[in-house]
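Chemist: Here is how the chains run, residue by residue.
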Amino acid sequence: MIALTVNGTRHDVAADPFAPLSDTLREGLGLTGTKEGCNAGDCGACTVLMDGAQVCACLVSTAQAEGAEITTIEAADPLLDRLRAAFLARGAAQCGICTPGMLMAALDLLRRDVAPDRAAVEDALGGVLCRCTGYLQIADAVLDAARGTVIAAPADGRVGAAIPRLDGAPKVAGTELYGADDAPEDALWLRVVRSPHAHARFTLGDLDGARHRLGLFAILSARDVPGLNGFGIMPNLKDQPVFADGYVRYRGEAVLGLLGDRDVVAAVRDADLPITWEILPALHGVEAALTPDAPQLHDHAPGNILVRGHLRTGDAEPAFANAAARAGGTFRTAFVEHAYIEPEAGHAIPGEGGAMTILACTQAPVMDREETARVLGVAEEAVRIVPTACGGGFGGKLDVSVQPLLAVAARVANRPVRMTYTRTESMAASTKRHPAILYARMAADPKGRFTAFMLDGDFNTGAYASWGLTVANRVPVHASGPYRVPNVLNRTRAVYTNDTPAGAFRGFGVPQAAIATEALVDDLAIALGIDRWEIRRRNALGKGDVTPSGQVLHASAGLPDCLDALKPEWEAALARVAAHNTKHARHRLGAGIACMWYGCGNTALSNPSTMRISLARDGTLTLFNGAVDIGQGSTTVIGQIAADALGLPLSSLRQVLGDTALTPDAGKTSASRQTFVSGRAAAEAAKALRARILALANAGDGATLALDGTLLTVRDSHTTRVIDLAALDADLVAEARYDPPTVPLDADSQGVPYATYGFAAQLALVRVDTALGTVKVEEIVVAQDVGRAVNPLLVAGQIHGGVAQGLGLALMEEFIPGRTENLHDYLIPTAGDMPAIRIHLIEDPEPEGPFGAKGVGEPALVPTAPAILSAIRHATGVRMTEVPLLPHRLLGRLGGGEPPPAPLPSLSVGD
Amino acid sequence: MTAYHRPRSLDEALAIRAETGALPLAGGTDIHPLRTARAAWGEPWTMPVLDLSAVPGLDGIEEDATGWRIGARTSWTAIAEAALPPLFDGLRAAAREVGGRQVQNRGTIAGNLVTASPAGDGIPNLLALEAEVELASRDATRRLPVAEFVTGYRATALAPEEIVTALHVPRLDHARGRFEKLGARRYLVISIAMAAAVIAMEGDRVAEARIAIGACSPVARRLPALEAALVGQHPSEMASVPQPAHLTPLAPIDDIRATAAYRTDAALVLLRDLLAGFTA
Ligand SMILES: Cc1cc2nc3c(=O)[nH]c(=O)nc-3n(C[C@H](O)[C@H](O)[C@H](O)COP(=O)(O)OP(=O)(O)OC[C@H]3O[C@@H](n4cnc5c(N)ncnc54)[C@H](O)[C@@H]3O)c2cc1C
Ligand code: FES
Ligand code: FES
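Sequence order for the protein chains is A and B. Here the working numbering is used: the first residue of the first sequence is 1, the next is one more, and so on. Here the working numbering is used: the first residue of the second sequence is 1001, the next is one more, and so on.
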């Protein structure tokens, strides 16, 4: 027994003295508010106070906590309450998985320092990673709490109100339940044994003997999968096995499942299992996979090519021949890890007659249900997916992870089963952003009008298809950028390799393509002596313009407005850079600019959402909202839309969220579609309910509604009617489905791939240490056309988070299988790496969108990396073609510590 | 469950160490991540653990006529916050750069030294301070200069029955330390390269210079040629002294954080910045 004093209460707990305190708090004392994101000190999610000082609970042996005062997020403390309120008010908790750790780190600071400045706040929070917020709202919240200036929330939650998120309270209280936070007492633990080899064959020996010897409940393998041993995003290609069947295609592939008591599964040495490996040469990178003698990794993919994408309009080659200026280059990007702070986790509960319930973190419950049912060999109705709170996704939780594994295990055991990926397992096994090799060319006429664009892009889709098709199709449509370009030829390939599968990650290939395209735009500006802002403004897609897909943009094309909003700051930045750089040789400033567009929703595929809203006879107003809020704020935004469209206050709206048994299908949380598509469905459902109410009351369109208990008052200019809901025969229910109108693409990708597009431009100001090759991004100014900002606070949070991820993509993030499989070696931005961010929201309403709104989440990320690269080039004269731009890569180009080449004259100031 | 010892006295700790060979555990900020890394690929922890956290007398800083004794278990935060002369400015700066605040509150100076990572931020500072390691076993205590204690990549002269009990830093008058760390992000970052210096003055001239570079060789290295060249210089001239030839003791490698060539370039820049900082 170890005696622990937690939040003032003494507990005697039977725990392994060497077990991390975080584990004992969670599993021993049920205090799951303390999160575990890495168990290695790298993420800070487990931060608690030990005798008043912040520590990572995952680095403290339980025995070491004996005699100390431990304070966790569950503590009752007035200062902590003030921090909680400030976090809510500032939108400082998005997914919320980092929030307990952030709050504890902030509490440690405010107890030491009652009036910290921003630098002290960053210092105090520097050990806690957040992948969602970009830290700025968190730092603001801590400063607010210190000063006692917590901002008051707007009184009503109508569309346009910057209200705090509706689901925020449990996140700041530490009571939110994520995938690893809850499971039945009698659940068995599942640990997956994964291939340490990138490419190998294997045979299994006597599993039954091993099971006995090791004291396990079961050892699962491919033979235990009752249905199809395969899953995958593409409808007809379930190419990834749940358990590999004698052959693995990447390091991290699931081979066996160890099922049993927790201690027992943890104590098994993988080397003691009867697996005999025959290691095969591995294909790392697309170049290796495309060589003529490369082994073919999948029967269905000759030459290892999973799929090709193609777009053609006009005639690009002659347009190049006749152009006044031409630019071209080869660009490379790395694998990027989502690095959500919550590793994949959940549990499964088997039911009668083949039924299975899975509670896990996810972005796509309905797809999870399809996949799991197929693996179990049961009807979809037999499977129920209950999403837990999701500690970040960014595309990485669109594919199934734990779900089929848990389902198979729970079926075999006929008992509840739980599992939590380790950080390394999450990084080794889950999907990544596709590394790209892009050969791009672009041409312009003497006035700087773009005449032609060509791209050949190879995307490393890794061992399995996942979202490779989506990337291959989305990129050709977007690659020429948000510009008028009459002649375009884009070709992409998604290529199988023996690397980690690449899937969906905020932007589906578009961020990679934008790095190439925006560099070429700068090249053309330089060649023609035109200012970089100016050339973008001249070519910016606007209303009435035609895209390379032949789509006419009838509305909501606000890029010209975005650029105009940036103009004064652009000029100021150029002047500041010029003034600074005449005086400083080593630390040089640079300003850069980049634009982007992003189609909301699936590419030319149906992607409907259905929403249901009911006003019950007991007076409860309920939105049945199947959209999963992974931190981006859909629960709040869709709630605001529904309440406003109905005409009742948001405070009277209750929501039933994303449970496949209770809510209609709202599709997946991806492609920046939830506000636009599900929001529109919610608006339509609410309008239909409103119409029924108005008809009942015989009231005109402009009537106002008020709900008090079961009494619904309908007031228009003539009369006031009171409906007693309790007296109705049935609840008032309305349901609506919305599927954004698209037109299928032909072989040249001509059609209407998306109903609407987000547009944005960003300006970056960087400081480059030309002696060390290090870059500090000082400022990012964002101008983004969001159609309508349903909730400006949440929009700002999405933009900050996108900028942070874009900064990571540009400067530090590189997943290398087997080498950067943890958050120690894989670097994401910390609180000290963020620039100041200013935002100009452009609201060019989208007629298809609810209240004019369209997607926000992905667009914010796309222009950041190209803007930073443009700024680095401005500062140094060096055009970088490979990200991440680690210091050694930049210094290598600067000439190894020697003075940098003089910046190109046309890049210094204006034209 | 691995054997876990948490003795309440040094004698008891030394006895356990001698009898079981259990692995000393201080702040755990290297050991727990190691355990996690191994478990991730199916290698559970089996080594017995000797937790030193309840042993009295292993932390805190004491000063006497010859210098300072820093207890083995002294945390980075305790070092950063201690009232120490400018001689320790480099070590104290490093104390604020090790990991984040959580790691600084737990991680200890002896843990950093015994891990003997090429990128350990404490080690170049201890070299520049000419610190000695105090080692105790059941039968004896001995002292070893840090330069002799760290014998190679993650290797030390710690004997199987020994634990580190303290570090001793000799007095050096009119001296100041500095530290420069280079990483790819602001917080929680392992050094690509770092440089530590202690400069002692006589009037307005350098009387003694001790310079060490970390993360550019399997073990952090002093740079004797540079040190010699600095003696007699005016502080304002120091930054122009370092030259590529001074870096010959280094043997940088390519890894995920940087290339060897970059490390060589960066080491020189860091040295110049480090020395320039003495006049700031
Ligand atoms: C997120 C994170 C970031 C980090 N960042 C940095 C960084 O920037 N720079 C850096 O240098 N380090 C860094 N570290 C590593 C680590 O924090 C330091 O090396 C720390 O000083 C180790 O001390 P500890 O007491 O925690 O060691 P422990 O983990 O307790 O022990 C480390 C080693 O020292 C041995 N040991 C400890 N005390 C004794 C003793 N008294 N006698 C004999 N052997 C002993 C142990 O047996 C073990 O081999 C980081 C660690 C983490 C988790
Ligand atoms: S879980 Fe402890 S730092 Fe990540
Ligand atoms: S809110 Fe910080 S990780 Fe999601």
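Accuracy of the hints is not assured; some may be wrong.
On the chain B side, residues computed to face chain A include the following (Cβ under 10 Å) [what the hints assert, rightly or not]: (1) R1006; (2) G1027; (3) A1054; (4) Q1102; (5) E1134; (6) D1139; (7) L1144; (8) E1148; (9) T1151; (10) Y1153; (11) T1248; (12) A1251; (13) I1253.
Pair by pair, the computed Cβ-Cβ distance ranges are [claimed, not checked]: (14) A:T175 to B:R1008: 37 to 43 Å; (15) B:G1060 to A:D245: 48 to 54 Å; (16) B:T1141 to A:V13: 55 to 61 Å; (17) A:G205 to B:T1002: 43 to 49 Å; (18) A:G8 to B:R1008: 33 to 39 Å; (19) B:A1157 to A:G895: 48 to 54 Å; (20) A:G895 to B:S1236: 26 to 32 Å.
Stretch-level coverage of chain B by chain A, calculated; a stretch enters the list once three of its residues show a Cβ under 8 Å from a Cβ in chain A [claimed, not checked]: (21) 1065-1073; (22) 1188-1195; (23) 1232-1246.
Hints listed in this document are in silico derivations from the structure and should not be mistaken for laboratory results. C-beta atoms are modelled at their ideal positions from N, C-alpha and C, and glycine is treated no differently.
Chemist: With reference to the structure, classify each hint as holding or not holding.
Modeler: Consistency of the hints with the structure:
1. Satisfaction of the interface hint for B:R1006 is found here, the shortest Cβ-Cβ separation to chain A being roughly 5 Å, below the 10 Å cut-off.
2. Below 10 Å, beta-carbon pairs count as interface contacts, and B:G1027 has one with chain A at about 7 Å; its hint therefore holds.
3. The restraint placing B:A1054 at the interface with chain A holds, with a minimum CB-CB distance near 8 Å, inside the 10 Å limit.
4. Interface restraint check for B:Q1102: the shortest CB-CB distance to chain A comes to about 5 Å, inside 10 Å, so the restraint holds.
5. Look at B:E1134: its Cβ only gets to about 23 Å from chain A, farther than 10 Å, so that hint breaks.
6. Evaluation of the B:D1139 hint against chain A yields a violated restraint, the C-beta minimum of about 28 Å exceeding 10 Å.
7. Using the Cβ-Cβ criterion of 10 Å, the hint placing B:L1144 at the interface with chain A is not satisfied: the shortest such distance is roughly 28 Å.
8. The beta carbon of B:E1148 is not positioned within 10 Å of any beta carbon in chain A (closest approach about 29 Å), and the interface hint is therefore violated.
9. With a least beta-carbon distance of about 25 Å to chain A, the hint placing B:T1151 at the interface is violated under the 10 Å criterion.
10. With 10 Å as the threshold, the beta carbon of B:Y1153 stays out of range of chain A, its nearest partner Cβ sitting at about 17 Å, so the hint is violated.
11. Hint status for B:T1248: violated, given a least beta-carbon distance of 17 Å to chain A, over 10 Å.
12. About 17 Å separates the beta-carbon of B:A1251 from the nearest beta-carbon of chain A, more than 10 Å, and the hint is not met.
13. With a cut of 10 Å, the hint placing B:I1253 at the interface with chain A is violated, because the nearest CB-to-CB distance is about 12 Å.
14. About 38 Å separates the C-beta atoms of A:T175 and B:R1008, a value consistent with the hinted range of 37 to 43 Å.
15. One distance hint, 48 to 54 Å for the beta-carbon pair B:G1060 and A:D245, is violated here, with the actual separation near 60 Å.
16. Here the CB-CB span from B:T1141 to A:V13 is close to 38 Å, at odds with the stated 55 to 61 Å.
17. For A:G205 and B:T1002, the Cβ-Cβ distance of about 28 Å falls outside the hinted range of 43 to 49 Å, so the restraint is violated.
18. For A:G8 paired with B:R1008, a C-beta distance near 25 Å fails the hint of 33 to 39 Å.
19. At about 42 Å, the CB distance of B:A1157 to A:G895 disagrees with the hint of 48 to 54 Å.
20. As the Cβ distance of A:G895 to B:S1236 is approximately 28 Å, the hint placing it in 26 to 32 Å holds.
21. Counting residues of the stretch 1065-1073 of chain B whose CB falls under 8 Å from any CB of chain A gives 0; the rule of at least 3 is not met.
22. For the stretch 1188-1195 of chain B, the stated coverage by chain A holds: 4 residues have a C-beta nearer than 8 Å to a C-beta of that chain, and at least 3 were required.
23. Counting residues of the stretch 1232-1246 of chain B whose CB lies closer than 8 Å to any CB of chain A gives 0, which falls below the minimum of 3, so the coverage claim is violated.
Of the numbered hints given earlier, the model fails hints 5, 6, 7, 8, 9, 10, 11, 12, 13, 15, 16, 17, 18, 19, 21 and 23; all others are met.
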